[in-house]
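Peer 1: Now for the letters of each chain:
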Amino acid sequence: MESVDDSPITRNGNSLILAYDHGTEHGPVDFEPMPKSADPTHVFEVGRHSAVTAIALQKGNAEYYRNWETEHAVDDAAPLLVKLNGNSNLAKRDDYYSPKQCSVEYAVEHLDADAIGYTMYAGSLHEDEMWKEFREVQEAARQYSVPIVMWSYPRGKGIQENDAYSGQDDPDVVAYGGRLGLELGADVVKCKYPGSQEGWRQLEDAVGDLKTVMSGGSKRSDEEFLADVSATVEAGGNGLAVGRNIFQRENPEGLLDKLETVLFEE
Amino acid sequence: MESVDDSPITRNGNSLILAYDHGTEHGPVDFEPMPKSADPTHVFEVGRHSAVTAIALQKGNAEYYRNWETEHAVDDAAPLLVKLNGNSNLAKRDDYYSPKQCSVEYAVEHLDADAIGYTMYAGSLHEDEMWKEFREVQEAARQYSVPIVMWSYPRGKGIQENDAYSGQDDPDVVAYGGRLGLELGADVVKCKYPGSQEGWRQLEDAVGDLKTVMSGGSKRSDEEFLADVSATVEAGGNGLAVGRNIFQRENPEGLLDKLETVLFEE
Amino acid sequence: MESVDDSPITRNGNSLILAYDHGTEHGPVDFEPMPKSADPTHVFEVGRHSAVTAIALQKGNAEYYRNWETEHAVDDAAPLLVKLNGNSNLAKRDDYYSPKQCSVEYAVEHLDADAIGYTMYAGSLHEDEMWKEFREVQEAARQYSVPIVMWSYPRGKGIQENDAYSGQDDPDVVAYGGRLGLELGADVVKCKYPGSQEGWRQLEDAVGDLKTVMSGGSKRSDEEFLADVSATVEAGGNGLAVGRNIFQRENPEGLLDKLETVLFEE
Amino acid sequence: MESVDDSPITRNGNSLILAYDHGTEHGPVDFEPMPKSADPTHVFEVGRHSAVTAIALQKGNAEYYRNWETEHAVDDAAPLLVKLNGNSNLAKRDDYYSPKQCSVEYAVEHLDADAIGYTMYAGSLHEDEMWKEFREVQEAARQYSVPIVMWSYPRGKGIQENDAYSGQDDPDVVAYGGRLGLELGADVVKCKYPGSQEGWRQLEDAVGDLKTVMSGGSKRSDEEFLADVSATVEAGGNGLAVGRNIFQRENPEGLLDKLETVLFEE
Amino acid sequence: MESVDDSPITRNGNSLILAYDHGTEHGPVDFEPMPKSADPTHVFEVGRHSAVTAIALQKGNAEYYRNWETEHAVDDAAPLLVKLNGNSNLAKRDDYYSPKQCSVEYAVEHLDADAIGYTMYAGSLHEDEMWKEFREVQEAARQYSVPIVMWSYPRGKGIQENDAYSGQDDPDVVAYGGRLGLELGADVVKCKYPGSQEGWRQLEDAVGDLKTVMSGGSKRSDEEFLADVSATVEAGGNGLAVGRNIFQRENPEGLLDKLETVLFEE
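Going down the list, the sequences are from chains A, B, C, D and E.
Using our numbering, read the first sequence as starting at -6 and increasing by one per residue.
Using our numbering, read the second sequence as starting at -6 and increasing by one per residue.
Using our numbering, read the third sequence as starting at -6 and increasing by one per residue.
Using our numbering, read the fourth sequence as starting at -6 and increasing by one per residue.
Using our numbering, read the fifth sequence as starting at -6 and increasing by one per residue.
No lab work stands behind these hints: they were computed from the structure.
Copies of the same chain look alike in the list, so a pair counts if it fits in one copy or across any two.
Subject to a maximum C-alpha distance of 30 Å in a straight line, what follows is the list of computed DSSO-like cross-link-like pairs (lysine-lysine):
#1 K251 / K29
#2 K251 / K212
#3 K212 / K29
#4 K150 / K125
Chain A extracted, bound-state conformation (with noise of 0.2 Å):
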């Protein structure tokens, strides 16, 4: 088993991975703060920033990033990640669920993914299920030695119900979601921001050498964000996977300048 660290998806032992799911998880309605968001190119176009380690794609985007690739002989594209798993609100769900829309194989024979990505949500009704599904994935991962990146959100009855926990942030909800990612096989864990950089030290204490990266979460200024990333980096974090806070700017050079240093350069 090859180290992540060996992977196109790390600098330094960090990664920066420019998530673009939201039109899958979220639809439309995200681009609308920046409509030219809506158009895959230009999220691309950003990707090509150095600071950028990785793009994490749904399939139909990662075809269209192939030959985005293809037709302007891109050479300082992102690694490819692609997010296999994924789910739309649309839907009433007992519990939260991401059905699979992505096999491992089609994503690195087809597409040349350079890692792959599941979601977890512990704590679900459907956890099992999706332990399941996880356990082909991670397997399949192995046999093509692509690094495995779990988005690993405990949420859900299991966590709503439960008194013992004060919501998907508590920080004894994020270390377990971590430990779950050393336990079942993941190479790299998302983790949400649990509120403080003391959580973000409990969860590091309970991953071992698994490396995680943070969760970028909705749009705030310059400063909040870059003192999140901050706090989790001194923390022992490895990064952070980061959308909104992105391609919803206008501009979002200045603040991937700011994040190459915190994350490559101190």
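Since the structure of chain A is already known, use the hints to place chains B, C, D and E on it.
Peer 2: For chains B, C, D and E alone, coordinates are given in the frame of chain A:
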């Protein structure tokens, strides 16, 4: 991945799909206004019009179509789009679902399909199951290099019980449905007309370069129908899929001539 | 795809299928009016009549039939149609369903089946599941070039709770069931007699060139039974599948002679 | 297809199956009346009696049996019938079901099984699921040419809630169960004794040439037990499967001697 | 089939399995009494003690363990037992269930497992599903000739709602659980201590020659813990699987020394 523009189901980038799956979806009642339309060979003949870039059939009629072509040495028959799922309206269901009744392998290897079609009911309780089935269909179609047309019809409890949406024709719903076509890896997405040209523009803004075709819907006058088609094309749409508005007419050639002009020659 | 007219189960384009799956569907009670009919070999003997173009058996009796043929060096035995699904009436079910108890592969490779049969309960809560199972069956049968007979019996909650339908014999229901046979890729569809010749004509109008056979139903007088068969054939039907009306008679040869005249010689 | 008469599990056309699956079905409590019966080797020794034509074991004991044979160079050990499904009585179930815990492939290729057994609970809410599982088992067993013994025990809500039946021992229920063994492709069907010789005759009338064996049931006196067995054989039955009536006795040889006479020598 | 006595996970016929799956089952909270136990390498070091005949890890830590061995050129590391299923306690479930998160193939071929483990919750509503999953696991493990350890923990509604049982520690429950290990084909069964040596003897009486190991349970004093272990071994048990009683101690060598004496040298 070949571009759908190079496939036989488009002409100058646009498509007119003659849909004839009504015997499955609605039963013989849809043929009552024009009884001879119950006879598949009648509709196959209509499909010889040069405006038609594909005829969409369920498996049994597709088998019949290939035999009919052979028997009649037809050289102006429309390319075949095999619809892979469908349902009757006889069953009660807890929410919308459309089971697969033809595999990609059978459609391509045995029926020599030029394209395949799949109905997706985002918003239904069965959305996630359909995503999984679409995943397999999509990847198999890529294997065979046949274009994938998604009938993207968000509907069901997730739409009905969401106050933010006015119904299936809500432009936000139509646009989210179209975006899912892009994210999940379709080549063409078939959407309901969202009631206005502005609504169609909203759809176009959400789907990047994905091709869109308008759903023909129930029969109306030539004028009304052509107005919707023109508005769609003007707004960036790539044609339509039409059934009842063609085969429920005594003499559909006139309308097909006009559609040909709108779609391919203006 | 070979035409069913070239298969051994038709004669001059028509079929008389001797059905003997009652031990599965209803249990030994169906043999009580004629106890020797419980013995499969008795019915196998009846099947030697030249009017019979196929004998329809469940797997176990089909195995027995092939042994019986071998042991008796039978050369006038009827072609074998293996019924692939079926159910007992012992179980309570939430709605109609008929599980598969024989694969196409086993039927053809091991039992040397001349045709296969499958029951479809459109209108049931399990309709969609049966469509999926039929898909596999249909495609496997095409692989082996054996004709596919669909027992198309719309029933269940979707019919019972729909005020537009009077029941399973409603001509609209029968015609929709027949149309599904066409759309899903059967070669022959077996339908209930919809109570009148006009009803059968409605069915014929809905199914293109698909072959139709009448379901024999419960035992009635020779005259009544022959009248229904004649009406069916006159309206374009291609024969019948009959069980109790044959094997519950002490001496079925007379009726078989008359059926032979009606079906093949008029 | 070879006849079961040519298999090692019959002798002069009849069978005595020593069943030892009680540790699975009822747990150690069944061994309390005769504690040494908890030790599989004790029962294996009993199986050396020449009356025993097969010993029926679950997978784990079957593995042990083959090792025991090897270690002891046994040449008078009973042929091995591997029971492929079974259940504990620890779980609550909505209705009867018996999951598969051994594949035919493993039973034959690794355990060198001489026959396989499968329990079918027609009448249960899970009947249809069990039919599907039996289908696979039956076809795999044919592939390996090992005889198939069906434990055919109609029970569950479909029987309990049907006023036409008095219970599991109702001769109509037993006969329908036996008929299903024939229709689904078993070689031997194991049925409950329906309370009278007349009931067993009704069963025999329903199953053609299929072999039938009586279920031993709970322990009773030698006389009562032998009377039931004799009545069964006289009515056309082909033997019995017996567990507790043998292994719960201090010295079962006497009873086995008598059974040998009744089954094979009269 | 090789004997488990010839496998690396036993020593003089007994085993001491160091279990470290608590991060999966209970989350980081189990490491709080001894924070450094959250770090897998700390526990790997503990496993170098000569008393340890196997270390039981979930997939992710097993991957890490193999890398750790490579990096450190460890030659006194414990043999690896990969636990194939497990669950978090974050989810709400209708009854106990433990999904598979590692395949036998991956465990053996990629992780070079010396043994595999599987948790079985007989008595749960999901018991039957787990039997089916265990069937596949068991047969695959035989294919690879690795010993199978069953964590046999009857629990759930079937136990709770059965007045005949006092709970999971009821000797009747423990013995039935152990018997299932035998019947389903395990090589070693891990059981809860049933509260008394007499209870363990009852277990031993029920399992033939199957090996049994005691579950370590929550942390208690050295004396109490060793007393249970000694009682178990004296009653015929073959060792123990222990986690918290080892890794929650500051200095576990003393206890491991004593266990080594009890298990392997007396």
